[in-house]
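Participant: With numbering that gives the first Met the number 0 applied, the sequence shown covers 0 to 209.
Derived by calculation from the structure, the hints in this document are not laboratory data.
It cannot be assumed that every hint is accurate.
Pairwise CB distance ranges, derived in the manner of DEER restraints [unchecked claim]:
(1) 189 to 135: 47 to 53 Å
(2) 197 to 99: 20 to 26 Å
(3) 50 to 188: 15 to 21 Å
All residues carry an ideal CB built from backbone N, CA and C; glycine is no exception.
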Amino acid sequence: MFKKFLGAFALVAGLVAAGIVGFQLLHSPFTTVTKDHSPPPVLTELRDLADFHAAQAQFEVTLDLEKDVKYVPSAIAGERVQFIGVGTVDAVVDFSSLGSGGVTISKDAKSVAVTLPSAYALDPVLDHKQSHVMNRDRGLLNRIAGMFDDNPTSEAPLYKAAMGKMADAAKQSDLLNRAQEHTTFILTNMLKSMGFEKIDINFQVSSASV
Numbered sequence: 000m001f002k003k004f005l006g007a008f009a010l011v012a013g014l015v016a017a018g019i020v021g022f023q024l025l026h027s028p029f030t031t032v033t034k035d036h037s038p039p040p041v042l043t044e045l046r047d048l049a050d051f052h053a054a055q056a057q058f059e060v061t062l063d064l065e066k067d068v069k070y071v072p073s074a075i076a077g078e079r080v081q082f083i084g085v086g087t088v089d090a091v092v093d094f095s096s097l098g099s100g101g102v103t104i105s106k107d108a109k110s111v112a113v114t115l116p117s118a119y120a121l122d123p124v125l126d127h128k129q130s131h132v133m134n135r136d137r138g139l140l141n142r143i144a145g146m147f148d149d150n151p152t153s154e155a156p157l158y159k160a161a162m163g164k165m166a167d168a169a170k171q172s173d174l175l176n177r178a179q180e181h182t183t184f185i186l187t188n189m190l191k192s193m194g195f196e197k198i199d200i201n202f203q204v205s206s207a208s209v
């Protein structure tokens with residue numbers, strides 16, 4: 000009797016094991032596997048950069064934009080969106096002139112004068128991970144029209160508007176002065192370590208300045 004029980008138990012255990020293996024095998028053909036067939040990156044060009052990124056300003060811009068349709072309630076037509084844009088603006092000093100007459104050394108090699116173009120601001124760089132839409136309200140007609148549009152709520156205009164405000168804010172800030180002060184500090188310490196006793200750093204208006 001005990002042997003029959005063991006035999007039956009072994010049979011049941013074998014059937015359960017076979018069922019588990021069969022279930023796994025049945026589902027394995029449908030498992031999604033990602034294969035990367037992309038070619039390796041192609042190096043197209045190497046460039047020497049002469050721009051010194053001397054200072055950086057970080058901005059957070061809040062946009063509250065509303066599109067109204069005259070004489071029509073906003074619940075029927077129109078759109079209002081609140082957007083948070085986060086990004087940075089770099090101030091740059093061009094060092095390319097240092098090798099072409101931008102440095103004047105006295106005969107006794109104790110004094111040096113450096114002339115550089117004024118610092119200028121680069122275009123804002125938006126952080127797409129931190130920038131986001133807080134709220135978007137769209138009228139009924141806008142939602143219906145959006146059903147026939149591939150991208151009815153594109154954020155590209157919001158990115159552009161936020162970057163424009165960042166650029167304007169950078170012009171009103173002390174970013175460029177901060178960049179020139181930092182550049183003066185860096186060059187002064189470097190030239191002192193080279194043995195110069197009198198150091199004069201000057202900035203002049205450049206065509207790249209904004």
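Participant: Are the hints correct? Go through all of them and say.
Facilitator: So, going through the hints one by one against the coordinates:
1. 189 to 135: 47 to 53 Å: holds (51 Å)
2. 197 to 99: 20 to 26 Å: holds (23 Å)
3. 50 to 188: 15 to 21 Å: Taking Cβ atoms as reference, residue 50 and residue 188 lie about 20 Å apart, which means the hint holds.
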